[in-house]
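Enquirer: Mind the numbering: the sequence shown is residues 0 to 134 in numbering that gives the first Met the number 0, read in order.
Careful: at least some of the hints might be erroneous.
[Said to hold, decoys possible] Listed next, with one range per pair, are the computed distances between beta-carbon atoms:
#, residue 1, residue 2, range
1, Q41, D82, 17 to 23 Å
2, D35, S87, 16 to 22 Å
3, A89, G122, 16 to 22 Å
4, S115, A46, 24 to 30 Å
5, E108, H69, 23 to 29 Å
6, G44, I106, 18 to 24 Å
7, E45, T79, 19 to 25 Å
8, R30, S87, 16 to 22 Å
9, S83, D59, 19 to 25 Å
10, G122, D67, 29 to 35 Å
11, D59, E29, 16 to 22 Å
12, E80, G114, 30 to 36 Å
Quick caveat, the hints were computed from the structure, so don't treat them as lab data.
Every residue gets a Cβ at the ideal spot worked out from N, C-alpha and C, and that includes glycine.
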Amino acid sequence: MKLLVGAIGAVAALTVSGCTVVQDTFQVGEREFHFDTIADLQESGEAFRFQGFLPDDATDIRMIAQLDGHASLMRWTSPTEFDSEHCSAADITTTPPFDPEWLIDPIPEAGAACGSWAVVSSGGVHFAWSDPEGE
Numbered sequence: 000m001k002l003l004v005g006a007i008g009a010v011a012a013l014t015v016s017g018c019t020v021v022q023d024t025f026q027v028g029e030r031e032f033h034f035d036t037i038a039d040l041q042e043s044g045e046a047f048r049f050q051g052f053l054p055d056d057a058t059d060i061r062m063i064a065q066l067d068g069h070a071s072l073m074r075w076t077s078p079t080e081f082d083s084e085h086c087s088a089a090d091i092t093t094t095p096p097f098d099p100e101w102l103i104d105p106i107p108e109a110g111a112a113c114g115s116w117a118v119v120s121s122g123g124v125h126f127a128w129s130d131p132e133g134e
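My request is simple: use the sequences and hints to build the entire structure.
Expert: See below:
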């Protein structure tokens with residue numbers, strides 16, 4: 000009986016984690032990430048997904064990403080004004096590729112263009128998204 004219970008538990012654990020393993024291995028689907036601080040993000044090994052946009056004081060860091068790299072939406076809180084030498088002020092003409100409950104509404108019309116990324120801020124909350132296929 001103990002062997003049966005252990006086997007059922009192992010199958011359940013594999014089923015729960017299996018989806019993430021398949022997504023990460025084959026880079027399919029989308030995944031949501033949440034980190035309380037920059038330190039938590041760096042320890043996770045997922046920092047590469049955030050394109051270097053985050054300042055050292057960023058908190059409540061969130062992202063939804065298509066694992067094939069075609070679309071992403073980031074959110075972070077920081078009193079630091081968004082600034083990057085790789086960006087320029089721009090009118091925002093694209094919309095985020097995802098619509099989670101934490102997305103700002105309405106999307107500001109002014110922000111920054113950073114290659115295929117759009118960045119907007121409202122107070123101390125910042126959003127960045129990329130959707131190269133939606134352009």
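Enquirer: So which hints don't hold here, by number, going up?
Expert: 2, 4, 6, 8 and 12
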